[in-house]
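Enquirer: Here is how the chains run, residue by residue.
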Amino acid sequence: MIPARKAGRCASLMKASQRIRQEIAAVFANTAMPIEAQARCGPFGLRLGFSSRELAGTFLPAYIQCTPETIDLDLCFSAADHHDFSALVPEAAEKPRLLIEDGIYSVWQPAVIPVLFAVDLAAKRGVAWLPQGEAPPWIRSRPAISLIHAMMHETPWCAVHGAAVGSGAGFTLLAGEGHSGKTTAALACAKAGWLYAGDDFIAVNSETGQIEPLFCSARLRPALVETFRSFIGETTEVSDFNGEPRHELSLADLGDRIGGGRLRAIFIPRRRGAATLEFTPARQSDAFRALLPTTAYELPGWPNEIAEKVARIAGLAPVFFADTGTAPMEIPAAFTRQLERL
Amino acid sequence: MALTTTVPLLISQQFDSEVVLANYQNGVYYNLDGSAAQIWLGLKANRTVEEISRALADATGDDPASIAQAVQAFTDGMLAEGLIAKGTADARVETWAPVLPGAFVTPEFQRFDNLRELLLMDPVHDSGEEGWPLREPHEG
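Protein chains in written order, with my numbering: chain P, 13 to 354; chain X, 3 to 142.
If you are wondering where the hints come from, they were derived from the structure by calculation, not from laboratory data.
Check the hints yourself; a few may be wrong.
What the hints assert, rightly or not - Taking CB as the label site, the calculated pair distances span: (1) P:K136 <-> X:Q112: 38 to 48 Å; (2) P:G180 <-> X:D78: 46 to 56 Å; (3) X:F114 <-> P:G69: 37 to 47 Å; (4) P:T220 <-> X:M3: 38 to 48 Å; (5) P:T239 <-> X:A75: 49 to 59 Å; (6) P:Q50 <-> X:E96: 53 to 63 Å; (7) X:W98 <-> P:E219: 21 to 31 Å; (8) P:P168 <-> X:W98: 23 to 33 Å; (9) X:G133 <-> P:T239: 45 to 55 Å.
Stated by the list, open to error - Pulled from the structure, derived: some chain X residues nowhere near chain P, Cβ distances all over 12 Å: (10) A4; (11) E53; (12) D60; (13) A61; (14) D65; (15) W98; (16) G104; (17) P135.
As the list claims (entries may be wrong) - Away from chain X, derived, C-beta distances all over 12 Å, residues of chain P: (18) P80; (19) E103; (20) G327; (21) T348.
The C-beta atom is built at its ideal place from N, Cα and C for all residues, glycine as well.
So that you can see chain X by itself, here it is in the shape it has in the complex (with noise of 0.2 Å):
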């Protein structure tokens, strides 16, 4: 099944080459940079682990086999994490390839999680699929 970057409540933004990530179900932020946000930006548009690993290969001349191995790592890590899913994937992006100045570095990624206190304080983010139930009226 393909992956996608389109997960429900999770907020990303990119700012140059840093991608971050808010989870508003857990209150969990992500912070990526280099290799990590490279692989997060190469899934968002719609290239698959083998695809991303040779992109990078070929744009840091790295080894590929150790590449794609930490691609793969990280990819499940994210997976686990909820910072993509199993699902459609995202809309094609035709043009894209890694930008990665210098060489492949094994990704990974910042956690903070010190705002999941504040979460659960009054966890009203978005419209629910409950929606607003409104309660059976009284009969007299």
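Only chain P is shown next, with the shape it has when bound in the complex (with noise of 0.2 Å):
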């Protein structure tokens, strides 16, 4: 029999990484997950399971529920009554810490709402827990998308922060900070018809310029609510984060509009007093910068590799700065025009 202090000090010696491994292998061979559904997820084809219906009310919503043609990643959502994952918290608990190791990728945001994520890139299987059986809204809406990014590690593919859509004249990034317009030309675009990509991360090929979409949320402010009504059900969450509200919207309901292709051009949204939208060419570099911050600050690990498929992505295709002018409505007319002129 080991003693309790040898058992301990023996337990310490392990990697972490050997000891994340252990616990999700746990994970998958112990417990059927009461609730089940599929995703693709990207070029990703995703096999989910939530320990409760309170977790799979808050996530599923912002996956595109399908049948993927493979399941590239088993990935598990579950709170503290249902797996305790704290020996797996690191310590100095209060901050953030970032793990790549032996095939295994792990992320702890302590944040005001802790979450851990983590995956085991061999086996192709990971978990997101949280403890305190809630997330913020910002994870919410993109779920576990440092796995995601995990999983495009020496691939072509990058998660971005942006939102993309897409018709008969092709897709076009949209990129930028917050409050540039990119949510209101996005909803735009797709209540005139056209496919939808997403409105904050999308997965583009930073060698071939093929977009997918990630999720079918959307996260709308509320001086927006009166001009997509339409897109908002009646159950749709309001949330309230650092005094930002935001309503939580599932666009499932477009089905097969919520779709990819290939990228045609990169706008830059921005807001700068026009009436209507006017175009101003604008440099590599420039889309770079608009793409890169969030992208980089949101997925972590791999800042280089993020940073040169951004910069590989910027130069795919030609990019202008878009003053959206005051009429969002007029929008997706705008773009068609300056996409068929390219």
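Assemble the dimeric complex from its two separately framed chains, guided by the hints.
Expert: Below, the structure is given as structure tokens:
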């Protein structure tokens, strides 16, 4: 029998990646998930498991549910009352952590509402553990995106902060900081019948320019509610985090119009007071600066690889600043005209 | 000591004659254009301040002394800003020459710090040296 003190020392000698791998394996070996679903997320097929109805209700609306051809990741969402991952929470738990070691990628995000994400890339299994059983709004609208980012490592794919919509004239990637008008433009195009690939994070192949949706969520500011009332169901949740209320939308009802296509242009929305939409040629470096910051900050790990992919994406298509004007419903026609000129 | 453009958590990308630098540690972005980009690229190609100054003077035909002064001041500024560091120099690129149409213009960088707030919200960027320290198990 190993004395307790010695056993403790053995356990502490175990590498963090080994411990995380063990815990992930244990979740999938021992537990049947009460709620399961399948979804596509960028180029990947996901099998999703939720340890409770509440967690499924929190995260499933953001996923594009379908039966994918292959399952690239088994992903389990769990809370403290179903699985105890507290042994994996690192020392000094108030600090965020990132571990990339021996095929394990793991992120501890304490923030106000803590979340632990971990994936065993070889086993293609991941967990999202919510000690308090809830998640901040930005995680609910793009669940476990850091794990999708980890799966894109050493592939040409990159999860990019931006919106994307497409029509017969091609797909446009809308790049820029918050409040720049990305959501307004993307939802206006979706309302006009365009394909919708997302308003927050989308997947882009940095070699081919292929765009794929990651999620079917959108986060709408109250000022836009009247314009896009048709997208807002009766039960749409309004989140209020740090004083920023948002309608948390699921656009799953768009059905086949949630989709991707080939990048044709990059538009950088901005508000400079134009009455009607105006385009101004921009540089590849402008697109890079518009795309990289939030992309890099939201996706922990491999910053150089992200920057290189984003730089390649910024060079795949012509770039324009788009002063979006004051009439959102005129945006789709203006986008079409600009895309057809290229 | 030599100067290096390889700085931890500093990302660099060249776009034709422009260089964009992103400091993931403090959330500040920089845009270098014209002579500023050429000086940074010269350091990246493992040229000394003197070599860069001489090359810029040759390329523009402007006064070598004032160019040398401007290059030294700009290099000091980049050092203070953390865009370059003292350390092992980058690998020497054998064929490097500045690309600078027209006269020499005093180098300066554009600084974008509107992303710092975002950075401070959730500063997980890359694996730190501390890694993922597991807690000591409780002893029963």
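Enquirer: If a hint holds in the structure, say so; if it doesn't, say that too.
Expert: Here's how the hints hold up against the structure:
1. Checking the proposed 38 to 48 Å range against P:K136 and X:Q112 shows it holds: the Cβ atoms sit about 43 Å from each other.
2. Hint check: P:G180 to X:D78, Cβ distance near 55 Å, so the stated range 46 to 56 Å holds.
3. One distance hint, 37 to 47 Å for the beta-carbon pair X:F114 and P:G69, holds here, with the actual separation near 40 Å.
4. Taking the beta carbon of each, P:T220 and X:M3 are about 44 Å apart, inside 38 to 48 Å as hinted.
5. Checked against the hint of 49 to 59 Å, the C-beta distance between P:T239 and X:A75 comes to roughly 51 Å, which is consistent with it.
6. Between P:Q50 and X:E96 the CB atoms are about 54 Å apart, so this pair conforms to the stated range of 53 to 63 Å.
7. Between X:W98 and P:E219 the Cβ separation comes to about 29 Å, which falls inside the hinted range of 21 to 31 Å.
8. Evaluation of the 23 to 33 Å hint for P:P168 and X:W98 yields a pass: the beta carbon distance comes to about 30 Å.
9. Roughly 47 Å separates the CB atoms of X:G133 and P:T239, a value that falls within the hinted 45 to 55 Å.
10. Against chain P, the non-interface label of X:A4 holds: every CB pair exceeds 12 Å, the least being about 22 Å.
11. For X:E53, the non-interface assignment is confirmed: its Cβ lies about 26 Å from the closest Cβ of chain P, beyond the 12 Å cut-off.
12. With a minimum CB-CB distance of about 27 Å to chain P, X:D60 clears the 12 Å threshold, and the non-interface call stands.
13. The Cβ of X:A61 lies farther than 12 Å from every Cβ of chain P, with a closest approach of about 22 Å, so its non-interface assignment holds.
14. Consistency note on X:D65: stated as away from chain P, and its beta-carbon is indeed over 12 Å from all of that chain's, at 30 Å minimum.
15. In this structure X:W98 is separated from chain P by more than 12 Å, as the shortest Cβ-Cβ distance comes to about 21 Å.
16. For X:G104, the requirement that its beta carbon stay farther than 12 Å from each beta carbon of chain P is met, with the minimum near 19 Å.
17. The Cβ of X:P135 sits about 4 Å from the closest Cβ of chain P, inside the 12 Å cut-off, so the non-interface label is violated.
18. Listed as outside the interface, P:P80 is consistent with that label: its C-beta sits roughly 29 Å from the nearest C-beta of chain X, beyond the 12 Å cut-off.
19. Its beta-carbon lying about 4 Å from the closest one in chain X, P:E103 breaks the requirement of being farther than 12 Å from that chain.
20. Non-interface call for P:G327 relative to chain X: violated, since the shortest CB-CB distance, roughly 8 Å, does not exceed 12 Å.
21. Consistency note on P:T348: stated as away from chain X, and its beta-carbon is indeed over 12 Å from all of that chain's, at 28 Å minimum.
Taken one by one, the earlier hints fail for this structure at numbers 17, 19, 20, listed in ascending order.
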